[in-house]
Amino acid sequence: MIMTPKVTRRTFLALTGAACLLTVVAAPRAFAQTSPANAFVRQFADQLVAIINGPDAASVRKAALGPVIDHDVDVARIARFCLGRFWNSATPAQQAQYTTVFHQVLLNAISGHLGDYKGVSYAMTGDSPQGANTLVGTRITRPNAATVDVQWVVETTPAGPKVVDVIAEGTSMRLTSRSDYASFLTQHGDDVGALIGALQKQVGQGS
Amino acid sequence: MRQRFQPAWATLALAGLALNACATRPPASDPDAVAEYEQTNDPLEPTNRFFYGVNDKLQRYALNPVSQGYVHVVPPPVRGGVHNVLSNLTSPVTFADDVTQANPRRAGTTFMRFVINSTAGGLGIFDVATGWGYPMHDTDFNVTLALWGVPAGPYLYLPVLGPSSPRGVAGYGADIVLDPFTWVPRGYGLITFNWARYGLTLVDRYSRYAGDIKHVKEGALDPYATFRSLYRQNLAARVAAARQDDPGTPPAWSPPPPK
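Listed in order, the protein sequences are those of chains A and B.
According to our numbering, the first sequence is numbered sequentially starting from 2.
According to our numbering, the second sequence is numbered sequentially starting from 5.
No wet-lab data here; the hints were simulated from the structure.
Treat each hint with caution, since some may be false.
One-sided excerpt, in silico: chain A residues whose CB lies under 10 Å from chain B [said to hold, decoys possible]:
| id | residue |
| --- | --- |
| 1 | P144 |
| 2 | L176 |
| 3 | D181 |
| 4 | L196 |
All residues carry an ideal CB built from backbone N, CA and C; glycine is no exception.
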């Protein structure tokens, strides 16, 4: 970039003018954030952030996460989705066993990284419909790590709104887990028992 | 600059040679498994898994220690500045990609970002443009080709470069051609500059995503399949974002139309 000082100054002044205009214009264009799904995600995210950034020891914070997740996330539905076509080939006992261990996997996945996300903050970026569900957009800022755009898929159930998926930078958590499990099962002769065993082992190793 | 082509082409040649090391197609009597096989579209899986293993070792024994050293030695604000400078240097390529994607609005945003950050942002050290209403977006020629209707083709896992596809390789080559730094005359330390830039980009990017990569590897039963899924989903989302950024609507930074 070689520029004459004159152009630089002129550009700079023009840009400063534009920036002043911007702040005036941009303000009333903020997204309407009044939908029930949006309010639901905000209270959920506020609780998560408060726990993650809280002063307590990691074990205390992990214990605090459990009830929040259980209340606001439809873990059983996510578990079933992640098993995909293998759900029907599993025995009822395996289904129950798998759902139990999946719950632990999910909790560990979130709580195992509590320290890494310390200092996290988020901003709402707007909603969009996805079939009967609502995608609630957030932008998550972490110190010294890449900013992540996260969308929360909220479904309205008889028991109130529930999170049924989390989409980070366009990658759906449940789709990713489903292809992970499918690949594992393909390599283990479609044996759901082997998958449950591997997940139990993973949970045992996790923090 | 030319050296950068070689790993990709060497991989393609190797992949071609290794065609007989193909993933086995499930029998037609199991339609669910066949559908999954086709959706996965990874006929070179054994070869790809081999290179995934190579990259995993490269990450563990080379990139990870270097990145940890970088994070340990260099204070956060300086790392932020380095990231911004590197990001600013990719603006000309992003601009060319925006233009080939027929997206004048995004091209305008990229152009303004480059002008603002190169001047008011002190040669790109500070990202003032984002605060002024020109947020950064990330795209490449692979996305352009996708918008032009070129199919991605089967999954490829390249040494060093990671997840890709034949279209991804073509897009990568096109982005090198579109980068003005490729065409600046040799000498004046340009080769040193370019290599320093590649090295720093690698370390900067890895240091920013190292935590996420670690989490994926720890949480996955089959990290290879998980990264394959993540790569595909992320690419699809970036293509959708480029397509949905409707140039017919006014951007957030434009003044309201006169009444």
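Here's how the hints hold up against the structure:
1. P144: 7 Å, holds
2. L176: 6 Å, holds
3. D181: 5 Å, holds
4. L196: 7 Å, holds
Of the hints listed earlier, there is not a single one the structure fails to meet.
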